[in-house]
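Protein chains in written order, with the numbering used here: chain V, -14 to 151; chain R, 2 to 252.
There's no promise every hint is true.
To spell it out: a stretch of chain V is covered by chain R in this simulated footprint if at least three of its residues, at any positions, have a beta carbon under 8 Å from a beta carbon of chain R; those stretches are [claimed, not checked]:
no.	segment
1	-13 to -7
2	10 to 17
3	95 to 106
Simulated from the structure, these hints should not be mistaken for laboratory data.
A virtual CB, placed ideally from N, CA and C, is assigned to each residue, including glycine.
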Amino acid sequence: MPLFGSLYNFAHWLTQNREEAEDLVQETYVKALKGFGSFQPGTNFRAWIFRILRNTFLTSLTGLAATRTVALETADVPEQAAAISHETPESILLEQAGQQQVQAALEQVPVIFREVLLLRDVEEMSYQEIADTLAVPIGTVMSRLYRARKALQAALESKIQEAKHV
Amino acid sequence: MFDDNWRPKLDQYLDSELSAEEMRGMNAHLRECVSCASDALRRLQLKRATRLAGQRYEPSAEFRRRIERQAAARNRSRRILLWVPVLAAAMLLLVSAVTLGRWYERTRSQQFLAELADIHVADMASPTPVDVVSSDRHTVKPWFQGKLPFTFDLPELEGTRYKLIGGRVAYLEQEPGAHLLYDVGLHHISVFIFRDRAEVERVFPTRDSSGRVLSFHVESWAAGGLRYIVFGDASLESIQGLSRLLKQAGG
Chain V
-14 MPLFGSLYNF
-4 AHWLTQNREE
6 AEDLVQETYV
16 KALKGFGSFQ
26 PGTNFRAWIF
36 RILRNTFLTS
46 LTGLAATRTV
56 ALETADVPEQ
66 AAAISHETPE
76 SILLEQAGQQ
86 QVQAALEQVP
96 VIFREVLLLR
106 DVEEMSYQEI
116 ADTLAVPIGT
126 VMSRLYRARK
136 ALQAALESKI
146 QEAKHV
Chain R
2 MFDDNWRPKL
12 DQYLDSELSA
22 EEMRGMNAHL
32 RECVSCASDA
42 LRRLQLKRAT
52 RLAGQRYEPS
62 AEFRRRIERQ
72 AAARNRSRRI
82 LLWVPVLAAA
92 MLLLVSAVTL
102 GRWYERTRSQ
112 QFLAELADIH
122 VADMASPTPV
132 DVVSSDRHTV
142 KPWFQGKLPF
152 TFDLPELEGT
162 RYKLIGGRVA
172 YLEQEPGAHL
182 LYDVGLHHIS
192 VFIFRDRAEV
202 ERVFPTRDSS
212 GRVLSFHVES
222 WAAGGLRYIV
232 FGDASLESIQ
242 GLSRLLKQAG
252 G
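Using the sequences plus the hints, can you model the full thing?
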């Protein structure tokens, strides 16, 4: 099965639930097999199948709820990011942070930012591939990625501070 | 160049999305600018941490098997669907072949019966319609010895309205057979006896059959590997009466 592990990982990050992730991947393959005729040879297969998965997620109940939440949360992110000073020794923070804390921080990042982070840093897609997957212009990918990293950084800092106070 | 020109491009640099020229420029800048180099290192660490943390979920083996089974089942049904047009074409070909075959057989059957009608009519028009003349079956039957690759029995006609005129050898599709001529009233009836070959069987698909060809009545049956065809312009009843007598004689 092409990209099975990647699709499942991405689906689980989006849904935050094993059963829903399995349903999402299953539906993605069903749609991909059914609509394979619409795939144009020579274009990016990975972007095509990730787009199917993402669109399927967005039309699911979890996806609809997540995107509604994002619309509210998105406005807060720049302020959150702006509060982070370049002088903050993040490298030290990152060294202190365990993988579980990064995962917990990533979970807190809104779906709209989480997906772009996963596509870029985990799937190592190019900006163009991400743009094709999300069906947005490259400029949107760049700005969303910038804000996503800031949001992750803030969430991670918060997690580390919490851990220090425990 | 000032930091403000380079710093916004740090993410693109680390994501390998800058042009080759910009990459060279950024490399040179980072060698000189401690602040940007520190920022780049921080971002790189975050990227690495994200990659490691992001590779978190793995599908279970059971789920993988389930998806593979479904895909295989779907492929099978797709393969079956792919066969549908082929099967449809094959069916069409088969139906066409059967239809063509039937048409051919019907045409051959008509030709066969038309040939019999020709022989019958030609003999009637001939001043010597038979080669052996006799009303006695004991004369006619031995006459065919050595002329045909089979033998046959003829009925006793005494006390009936039928009269055996005689017989001759007839050829139908290069196959020799007996052509017997009977009189009933003012009508002549031809009795043809051939080996019941596959070609003849196709003309008479049922063991016994009767009908009309060119307004002649025809009665036919198979017995003992021979095909009997009673043919004439006499009434159907007369044709069937003679047929019964022949059958009783062993035909």
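For each hint, the structure was consulted:
Requiring three or more residues with a Cβ within less than 8 Å of a Cβ of chain R, the coverage given for the segment -13 to -7 of chain V holds, as 3 such residues are present. Only residues whose beta carbon comes within less than 8 Å of a beta carbon in chain R count, and the segment 10 to 17 of chain V has 4; three or more means the coverage holds. Residues of the segment 95 to 106 of chain V lying with their CB closer than 8 Å to a CB of chain R number 4, which satisfies the three-residue condition for coverage.
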